[in-house]
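The sequence shown begins at 8 in our numbering and counts up one residue at a time.
Take these hints with a grain of salt, some might be off.
Claimed, not checked - Under the rule of at most 20 Å between Cα atoms (straight-line distance), these lysine to aspartate or glutamate pairs were calculated in the DMTMM-like manner:
#1 Lys266 - Glu110
#2 Lys206 - Glu110
#3 Lys206 - Asp196
#4 Lys266 - Asp209
#5 Lys206 - Glu131
To be verified - Derived CB-CB ranges, DEER-like:
#6 Val27 - Leu210: 33 to 43 Å
#7 Gly22 - Tyr65: 44 to 54 Å
#8 Phe77 - Leu208: 20 to 30 Å
These are computed hints drawn from the structure, not numbers from a lab.
Think of the CB as a built atom: it goes at the ideal place given N, C-alpha and C, for glycine as much as any other residue.
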Amino acid sequence: MNLGLSIPDLRGVVGRWVLVTLGHSGRLSFFVLDLFRGLTEWRVYVPRTLEQANNIGYGSLFIVLLVAGFAGAVTALQTGYQFTGNLPLYVAGGIIVQSMVLELGPVLTGLMLAGRIGARYAAELGTMRVTEQIDALESLGRSPVSHLLLPRIIAGILVIPALVMVANAGGVLVGYFTATTVVGITYADFEYGARAFFKPLDLWYSLIKAYAFALAVTVIPCYVGNNTQQGAEGVGRATTQAVVAASVTILLLDTILTKLILGST
Numbered sequence: 008m009n010l011g012l013s014i015p016d017l018r019g020v021v022g023r024w025v026l027v028t029l030g031h032s033g034r035l036s037f038f039v040l041d042l043f044r045g046l047t048e049w050r051v052y053v054p055r056t057l058e059q060a061n062n063i064g065y066g067s068l069f070i071v072l073l074v075a076g077f078a079g080a081v082t083a084l085q086t087g088y089q090f091t092g093n094l095p096l097y098v099a100g101g102i103i104v105q106s107m108v109l110e111l112g113p114v115l116t117g118l119m120l121a122g123r124i125g126a127r128y129a130a131e132l133g134t135m136r137v138t139e140q141i142d143a144l145e146s147l148g149r150s151p152v153s154h155l156l157l158p159r160i161i162a163g164i165l166v167i168p169a170l171v172m173v174a175n176a177g178g179v180l181v182g183y184f185t186a187t188t189v190v191g192i193t194y195a196d197f198e199y200g201a202r203a204f205f206k207p208l209d210l211w212y213s214l215i216k217a218y219a220f221a222l223a224v225t226v227i228p229c230y231v232g233n234n235t236q237q238g239a240e241g242v243g244r245a246t247t248q249a250v251v252a253a254s255v256t257i258l259l260l261d262t263i264l265t266k267l268i269l270g271s272t
């Protein structure tokens, strides 16, 4: 009896999940198409892009450096704990630099900005949608894409990779100071280890991940916020969904890019 009742319920759940997934896929496709169409209205979105870029870059710089600094310090402390006495000290320099550039810098910055920027975008656009401000903009013959969406997305694509590079540098610098203080490694050993393990592909890999994460942090929250419904409750739900979806996408992109770029080397 129970087994017979559970089969229709499972089918219903799967069916609803498929329909929701297909619906979001279609809406997201049209959303991206509208973004490309709006690129011709550069006189509208360029001034707004500069304002959004300042909000993202200057507003996030402190927290990015703070997170990267702690990541570099923890990496240096754990490296000293695990490898002191077993491997030459210069290995610590290579591990700290590689860890920050390849993984910790891009991923931690992306996740942190998904919470800070993604939540802000989803909440702003969601509030505009449920209060009919976007509808009023459309009734005046103005495109929400060029006025609201493109400035936020382009600003993120331009600024977030720069923040990732700053996080890489800050994490390596703090990791060096921590290593010299705790592990006892000298500057010569640290530099030798960093040079011995460094590859030019590492920086390109970090930059590629930064651009991919920037798309996830901006496009997903803008899409979710633009499609918000059901008033204040919908805005809260959309904000949560945007942060979760952007964070999961970052982790998924991290795995895929690692396999595609580093897995074949």
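| said: For each hint given before, does the structure comply? Return the numbers of the non-compliant ones in rising order. | reply: The structure conflicts with hint 5 only, although it agrees with all the remaining ones.
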